[in-house]
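**Student:** Heads up: the sequence lines are chains X and L, in that order. Oh and the first sequence: position 242 is 242 in UniProt numbering, straight run, nothing missing. Oh and the second sequence: position 277 is 277 in UniProt numbering, straight run, nothing missing.
Please note: incorrect hints may appear among the correct ones.
Listed next, with one range per pair, are the computed distances between beta-carbon atoms [as the list claims (entries may be wrong)]:
(1) X:N27 / L:E225: 58 to 68 Å
(2) X:A122 / L:V190: 34 to 44 Å
(3) X:H273 / L:L95: 38 to 48 Å
These stretches of chain X come out as covered by chain L in the derived footprint (C-beta under 8 Å, 3 or more residues) [what the hints assert, rightly or not]:
(4) 53-61
(5) 74-82
(6) 92-98
(7) 262-274
Partner residues are not named here, just some residues of chain L that face chain X (Cβ under 10 Å, in silico) [unchecked claim]:
(8) G102
(9) T105
(10) G155
It is worth saying that the hints were derived from the structure and are not from the lab. For each residue, glycine too, the CB sits at the ideal point set by N, CA and C.
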Amino acid sequence: MKKYIDQGKNDTRSGYGAAMTELGRTNPNVVALCADLVGSLKIQEFIDENPERFFQIGIAEANMMGIAAGLTIGGKIPFTGTFANFSTGRVYDQIRQSIAYSGKNVKICASHAGVTLGEDGATHQILEDIGLMKMLPGMTVINPCDYNQTKAATLAIADYEGPVYLRFGRPKVANFTPVDQKFEIGKALMLSEGTDVTIIATGHLVWEALIAAENLEADGISAEVINIHTIKPLDEEAVLKSVKKTGCVVTAEEHNYLGGLGESIARTLATQHPTPQEFVATQDTFGESGTPEQLMEKYGLNNKAITRAVLKVLKRK
Amino acid sequence: MPKIEELQDLTQQVRRDILRMVHNVNSGHPGGSLGCTEFLVALYNEVMELKEGFDMDGEGEDLFFLSNGHISPVFYSVLARKGYFPITELNTFRLINSRLQGHPTTHEGLPGVRVASGSLGQGMSVAIGAALAKKLNNDDHLIYSLHGDGELQEGQNWEAIMYAAGNKVDNLISTIDLNGQQIDGATKDVLPMGDIGEKFRVFGWDVLEVKEGNNLEAIINGLKEAKSRTGKGKPVCIIMDTVMGHGVDFMMYTHAWHGKAPNDEQLKIALEQNPETLGDY
Chain X
1 MKKYIDQGKN DTRSGYGAAM TELGRTNPNV VALCADLVGS LKIQEFIDEN PERFFQIGIA
61 EANMMGIAAG LTIGGKIPFT GTFANFSTGR VYDQIRQSIA YSGKNVKICA SHAGVTLGED
121 GATHQILEDI GLMKMLPGMT VINPCDYNQT KAATLAIADY EGPVYLRFGR PKVANFTPVD
181 QKFEIGKALM LSEGTDVTII ATGHLVWEAL IAAENLEADG ISAEVINIHT IKPLDEEAVL
241 KSVKKTGCVV TAEEHNYLGG LGESIARTLA TQHPTPQEFV ATQDTFGESG TPEQLMEKYG
301 LNNKAITRAV LKVLKRK
Chain L
1 MPKIEELQDL TQQVRRDILR MVHNVNSGHP GGSLGCTEFL VALYNEVMEL KEGFDMDGEG
61 EDLFFLSNGH ISPVFYSVLA RKGYFPITEL NTFRLINSRL QGHPTTHEGL PGVRVASGSL
121 GQGMSVAIGA ALAKKLNNDD HLIYSLHGDG ELQEGQNWEA IMYAAGNKVD NLISTIDLNG
181 QQIDGATKDV LPMGDIGEKF RVFGWDVLEV KEGNNLEAII NGLKEAKSRT GKGKPVCIIM
241 DTVMGHGVDF MMYTHAWHGK APNDEQLKIA LEQNPETLGD Y
């Protein structure tokens, strides 16, 4: 299989921060908002260079979403920043009415998604946000897998007209996608071709999927690995093409199996090409305190869990 | 500039529109609409600086945001009679396939509406955002917003009120429709809010009061006074005393007509109290 090299561990949120710095220099309409988490969102450089285009909202996420909606009226492109939990569940109705239903060009940028937020525990570890956001009509949902992809995604959504939910995380993880990649919203990426099983992964689970595929290869199993960074709109064509070849699929995400990427894939397959599928995801549970690695292990979100799911789904072919 | 008599005629015609719209579909919110008729007529026809036509960004003109979206009948009537869309379209209010949804929205592309409202408490935040965009664009036009008093029970308002004062959003004039009523009864019984004007004041707003919120001249003077206080480092709040259901005797001084349409007989009486002036839609 195709080999990927970790260029050095980094956090996806820093990819967001780096892109914001770049957007500050290149796009005068981009404005940033933050609800008292500048350090966590890595946007200090944007603020230093563009103080007039930064709005510190304070601990008032509902107001932040409304202000962002208002800023679009006048041609601004607002990027809101806070943790994923406070970017979605806390402000769902504000996003629903003032942004999604109103069709506002707001970029909801959410860090610290999933259990890999770590020690803060379940109050801060949202595992329902993809579901919440993908259910909103017109909302684009993107969950990049590493620093480089997060940076590219952030740059790309500035040029896209419409509301976007961009989900990224806190831990330093492998950075393996190309530095200057072109990011196409809604386009799946074929990472490694295979013939026995398709592994479709998003976010932090993509690197884990590659490790799993490598281990499976050693056991004589040929896994195809697809990176879905855009959960909505879903690249159904890429999904169908792959499963028609392999005949079974494992989806992997740092999210509840209810409402996540896996469900979107399942819907596509159920309606167009019924296929055995296994879900690597949290099992309708809250998270808890721990290190990211411990939590990924405990909640079945790593390469070992993916390998187990592959072995299971292969028996169902 | 319209004479006060012309505005009075328009006000009366808007009242007729409101009553006929809600009656036609046996739903909608006449009470608050009738209470804010003078305010919206004055705002759109005597106070705001507006461009011809409609574009979403609204650069180079004043903008208005209706936060208490349930008073859509008065908003739609004033917009239509200002020329944003044909007045005959008022006939489609709340009907299937209409641009005049129960609560205002951009979703169907109705000219004059810049954000959806209806789920309460969100409009001030949006207005602040639009005001900040005006400042970034060096556009010295103003942002106006309207909020129900009961609506202030929503916590997001207080985030917005705090933000606007703390960040000197002084190109914003937010008006509170102080009619003392909400769906379940008087605001003082449902959830007492104390002195709303004083609350805005201690949060750092410049607050003025319009005691006769159903008197056109009083409203115009109040809005012009508010306008003169903008650009001085503080957002401006108008506490506007109105009577819910104003202009229809049996709808006044009660919350009963907050969200209820008149029947045929009631409509007849209500319209007799508000004779046709500019022509019904």
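**Student:** Confirm or reject each hint.
**Tutor:** Verification of the supplied hints:
no.: 1; hint: X:N27 / L:E225: 58 to 68 Å; in the structure: violated, 40 Å
no.: 2; hint: X:A122 / L:V190: 34 to 44 Å; in the structure: holds, 35 Å
no.: 3; hint: X:H273 / L:L95: 38 to 48 Å; in the structure: holds, 41 Å
no.: 4; hint: 53-61; in the structure: holds (count 5)
no.: 5; hint: 74-82; in the structure: holds (count 4)
no.: 6; hint: 92-98; in the structure: holds (count 5)
no.: 7; hint: 262-274; in the structure: violated (count 0)
no.: 8; hint: G102; in the structure: violated, 13 Å
no.: 9; hint: T105; in the structure: holds, 6 Å
no.: 10; hint: G155; in the structure: holds, 7 Å
In this structure, the hints that do not hold are numbers 1, 7, 8, in rising order.
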